[in-house]
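Asks: Given next are the chains, with one letter for each unit.
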Amino acid sequence: KNEVEQSPQNLTAQEGEFITINCSYSVGISALHWLQQHPGGGIVSLFMLSSGKKKHGRLIATINIQEKHSSLHITASHPRDSAVYICAVSSGLRNNNDMRFGAGTRLTVKP
Amino acid sequence: DAGITQSPRHKVTETGTPVTLRCHQTENHRYMYWYRQDPGHGLRLIHYSYGVKDTDKGEVSDGYSVSRSKTEDFLLTLESATSSQTSVYFCAIGDLVGTQYFGPGTRLLVL
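For the protein sequence lines, the chains are X and F, in the order given.
Numbered by the working numbering, the letters in the first sequence go through residues 1 to 111 in order.
Numbered by the working numbering, the letters in the second sequence go through residues 1001 to 1111 in order.
The set of hints was computed from the structure by calculation and includes no laboratory data.
Careful: at least some of the hints might be erroneous.
Heads up, simulated SDA-like pairs for lysine to any residue below, C-alpha to C-alpha not over 25 Å straight-line [to be verified]:
| id | chain 1 | residue 1 | chain 2 | residue 2 |
| --- | --- | --- | --- | --- |
| 1 | X | 54 | F | 1099 |
| 2 | X | 54 | F | 1098 |
| 3 | F | 1057 | F | 1018 |
| 4 | X | 68 | X | 111 |
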C-alpha cells in the first residue's frame, strides 16, 4: 500500500462545479504539499500546510492531522484548472529528502 | 517562477550509452533534487544534494550518479542507459521553509 493515496484517480467536471480531491497518508508528517502539474508537464507548488486550512484564490486546502487526511477544493471550476493534482508529504527533515508523492488526480473541467 | 532550467528537454539515446542531464538554478538555494516520474507512480527521488559536493541517494538511485561542483548546477548521469530508465526527469530546488520548485522536466527515451 502506498504511503500517500489520492482519490479519485480521474475526475471530470463541468465548468462552475465545486471540486474536491482527497489525500490520505499513513506516515507521520510535518507538512503536506499540494502540487499542480499542467498538461505540458510543468509542476507548480500550490500549498504547503501542517494544520488547518489555506486559501489562494479559488483553491482551498485543508488538513486533518488526527485523521491523516487532506482535501483540495476548487470553487467555480474552470477549464484552465484541468491538470494533474499531486499530494505529497514530508516528515520534517529540513532538506525534505523524504517527500512521498501520491500518484496524482487527473482533473478535466469541461466548458 | 523560480529560476530553474533543465537541459536537454528531450533526449533519445540507445541502451548502453552514457547520458547526462543538467539542472541549473539562479535562486542560490542550497537543496537540489532529481526525481523521475513514471505512469502509475508518484514522483520518486533519485538523488539529492545538501550543497556543493554534498549529495546522497534517494529511493531509486541504482544506475544513477550525480555531481554538484557549483551551487547552481546539479548533474544527473546515467552511466549506461537502460530501457527501464526511460522516464520524465524533474529537477527541483528547495527553499528553507520546505517548498520545492520544479524544473520543466526532461523526457528521456532509451531505445
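Asks: Each hint needs a verdict: does it hold in this structure or not?
Replies: Going down the list of hints, with the structure as the test:
1. X/54 to F/1099: holds, 15 Å
2. X/54 to F/1098: holds, 16 Å
3. F/1057 to F/1018: holds, 19 Å
4. X/68 to X/111: Roughly 34 Å between the alpha carbons, so the hint for residue 68 of chain X and residue 111 of chain X is violated.
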